[in-house]
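Chemist: Given chain C, work out where chain L should sit, using these hints.
Number of protein chains: 2
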Amino acid sequence: MNIIEGGVTAAQGFEAAGVEAAIKYQNRKDMAMVYSRTPCKAAGVFTSNVVKAAPVRWDQEVVAHSAYVQAVVVNSGIANAATGRQGYDCCRQTADKAAQLLGISPDAVLVASTGVIGNQIPIDRLLAGVEKLAESKADTKEAGTMAAEAIMTTDTISKQVAVQIELDGKTVTVGGMCKGSGMIHPNMCTMLGFVTTDIAISKELLQEALSEDVVDTFNMISVDGDTSTNDTLVVLANGMAGNPEITSKNEDYEKFKEALHYIDTTLAKLMAGDGEGATALFETKVIHAASKEDARILSRSVIGSNLCKAAIYGHDANFGRFLCALGYSGVQFNPEQVELYFENAEKRMLIYKDGVAADYSEEEASKILASPEVRVLVDMHMGEAEATAWGCDLSYDYVKINADYRS
Amino acid sequence: MNIIEGGVTAAQGFEAAGVEAAIKYQNRKDMAMVYSRTPCKAAGVFTSNVVKAAPVRWDQEVVAHSAYVQAVVVNSGIANAATGRQGYDCCRQTADKAAQLLGISPDAVLVASTGVIGNQIPIDRLLAGVEKLAESKADTKEAGTMAAEAIMTTDTISKQVAVQIELDGKTVTVGGMCKGSGMIHPNMCTMLGFVTTDIAISKELLQEALSEDVVDTFNMISVDGDTSTNDTLVVLANGMAGNPEITSKNEDYEKFKEALHYIDTTLAKLMAGDGEGATALFETKVIHAASKEDARILSRSVIGSNLCKAAIYGHDANFGRFLCALGYSGVQFNPEQVELYFENAEKRMLIYKDGVAADYSEEEASKILASPEVRVLVDMHMGEAEATAWGCDLSYDYVKINADYRS
Chain C
30 MNIIEGGVTA AQGFEAAGVE AAIKYQNRKD MAMVYSRTPC KAAGVFTSNV
80 VKAAPVRWDQ EVVAHSAYVQ AVVVNSGIAN AATGRQGYDC CRQTADKAAQ
130 LLGISPDAVL VASTGVIGNQ IPIDRLLAGV EKLAESKADT KEAGTMAAEA
180 IMTTDTISKQ VAVQIELDGK TVTVGGMCKG SGMIHPNMCT MLGFVTTDIA
230 ISKELLQEAL SEDVVDTFNM ISVDGDTSTN DTLVVLANGM AGNPEITSKN
280 EDYEKFKEAL HYIDTTLAKL MAGDGEGATA LFETKVIHAA SKEDARILSR
330 SVIGSNLCKA AIYGHDANFG RFLCALGYSG VQFNPEQVEL YFENAEKRML
380 IYKDGVAADY SEEEASKILA SPEVRVLVDM HMGEAEATAW GCDLSYDYVK
430 INADYRS
Chain L
30 MNIIEGGVTA AQGFEAAGVE AAIKYQNRKD MAMVYSRTPC KAAGVFTSNV
80 VKAAPVRWDQ EVVAHSAYVQ AVVVNSGIAN AATGRQGYDC CRQTADKAAQ
130 LLGISPDAVL VASTGVIGNQ IPIDRLLAGV EKLAESKADT KEAGTMAAEA
180 IMTTDTISKQ VAVQIELDGK TVTVGGMCKG SGMIHPNMCT MLGFVTTDIA
230 ISKELLQEAL SEDVVDTFNM ISVDGDTSTN DTLVVLANGM AGNPEITSKN
280 EDYEKFKEAL HYIDTTLAKL MAGDGEGATA LFETKVIHAA SKEDARILSR
330 SVIGSNLCKA AIYGHDANFG RFLCALGYSG VQFNPEQVEL YFENAEKRML
380 IYKDGVAADY SEEEASKILA SPEVRVLVDM HMGEAEATAW GCDLSYDYVK
430 INADYRS
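Those protein sequences? They're chains C and L, same order as listed.
Heads up: the first sequence begins at 30 in the numbering used here, then just goes up one per residue.
Heads up: the second sequence begins at 30 in the numbering used here, then just goes up one per residue.
Incorrect hints may have been included.
Just so you know, same-sequence chains aren't split out, so a pair can sit in one copy or run between any two.
Stated by the list, open to error - Straight-line C-alpha distance at most 27 Å; calculated DSSO-like pairs for lysine-lysine:
#1 Lys376 with Lys53
#2 Lys321 with Lys429
#3 Lys286 with Lys382
#4 Lys429 with Lys298
#5 Lys53 with Lys382
#6 Lys396 with Lys170
The set of hints was computed from the structure by calculation and includes no laboratory data.
Here the structure is a predicted model, which means the values were calculated and not measured.
Excised from the complex, chain C in its bound form:
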């Protein structure tokens, strides 16, 4: 697997665009398009929130029932959630407009929105935006970057990644972009994510690969415990790489899954580290848990704890908070068996063992917690399962951003 530059335009046959449409704010890109020159198999995973935004309901229909997908239209600024019938009509009009301009069927168009809940999208601006997108789309790296920038809300960096693998002598490319910074919580991902690939694969296996992979990637991140109404992750596969179509779980399928896992993990970590107000990526790895599910629950409980997050922000080696968050996770264990370590790229330090604090230097521990990527390693001494979860610290800026997000 080779990591390459680029994002959604890295794979053959994909174009993208990002434009200013003044959906909510002036002078910033706020609409994006992803387009494939040929029809794609599509797979998707969507929010588990009972309150689903209109585009989520639209996309669930399209992914389930359309023969193929060929375009995605995204806007930021307004989420098109809690918008009733008018909100769903807005999705239909967007798809109609894009279909007409691109010469494809409306049910081959996915739509996605992110931003404030409860406002209606100004439909005229949205449709004018679709026109600009259709005119300006291109298959360049720059066009992919413009799209990645256009879907940002409170994100501070645009997020994209791409890799290549070889399947039977053919080069297959997988690329993706995502946005997500607040309202980020496992189950599922609370974000918009778009992955494009030129691989030839059956729709069923594409969906299975995606559904399996999110469990240990996007569903293992949390910024603030709030599962959004708009979470959407879709993969489009147009088959242009010319590999023998994958229709069974063969070696090629495993190679593709590995590539997809790299894309998903990278995007998920980018989101966690760019959490609203974050100054650090806060990773928790649980090893030797009794079961995989226990390991997931334990690691997510730690990265989801406000008190742990605040301790990371304050570089405060207040290990009791980490132990406490493991303790209320719902998983049963003997606290005396657990070992806690703080880690950064250079160093691992034992903090807690045999039921009491280890003999560590507060100063050294605080230095580790001041790293841009901080890891808490938890050894449960109970079994062989492990899991990793990613979050970020809790800073003044998180509160600032969310106390007046709309103003």
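Modeler: Relative to chain C, chain L alone:
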């Protein structure tokens, strides 16, 4: 039921004290004692966290197996959690010392601690503190207040309340105090709470009344989603009111439950409103839910959401966040049926109905959210059940307090 001044010394035969023992900090009261001149029936509820502080394990033993309880010794500053065998020995020595000074049995002494996790308590200072407590205890209102002040950590106000009821011509008094500001989350209460009463009641019914009542009081508050290692709520009943002992669920039992409910609700709301960094008490009442459990889950999901809490802090009528928090709670419902209102003491305003925003004034809504007590009323239109949960807003100061709590 009459609400009266006072706290743990309001009921007949109870004494209290609060002294400076320099457990962790100088120049502040940090040890408290509650003492009854006669033996008490005791009931208790304790943290559900797997990681239980030493005093929690001690008290669980005492409440389950001791014939009676006559004293409680509390320290703030250090939680005596994650302290291994040494921590448990510390409880035993505290009980021995108090028993010797008070002329009672060591297994009639409860202990409780709150503060930082993972440090050992300096035993010499703790035992010296017990001596000061035993010398200075008194049955005055002032002594009760001193005790309520001594158990505070990041609390900004001391918390006590008392009521009186008449049972068969006898005046029965119930009083209580608690502390709790951070690490506050349902299941259970994440706090220290002590209720004293001179009622005569069987131990079984005292425990049953307490266990039932916490479900809709202490377990319905949340400051930060972190369930502490030290949560303890105990009720001591010494029988000195001279009422006919309650041994069945008669009318007197119901009157006592009502009094206990008032005490618990008042203390729980005081804790929620005094959440770390809080500028407002944030209440969510869910009505017409399909079941009581649904109503509890829905209301707790809203007051537990960082995004809702930040919206309250910012006085931002961003109603989508409240709807979103209902949606990811795990309860199934039709978002188009739900109505959302913002309320304060003077006004109720419809915000969301029929799947879309109601026609409300942002300015007026923002004014409501700027009140010291803000209520979000949620009408599910599904059944007859209701529940109320209490939390607080999320402010810069929460982060500040928790980023350097120990320094």
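Chemist: Could you run down the list of hints and mark each one as holding or not?
Modeler: Right, here's what the structure says about each hint:
1. Lys376 with Lys53: Answer is neither: 46 Å inside a copy and 31 Å across each miss the 27 Å cutoff.
2. Lys321 with Lys429: Answer is neither: 37 Å inside a copy and 35 Å across each miss the 27 Å cutoff.
3. Lys286 with Lys382: Close neither inside one copy (37 Å) nor across copies (44 Å); limit 27 Å.
4. Lys429 with Lys298: both (23 Å within a copy, 26 Å between copies)
5. Lys53 with Lys382: between (52 Å within a copy, 23 Å between copies)
6. Lys396 with Lys170: neither (39 Å within a copy, 48 Å between copies)
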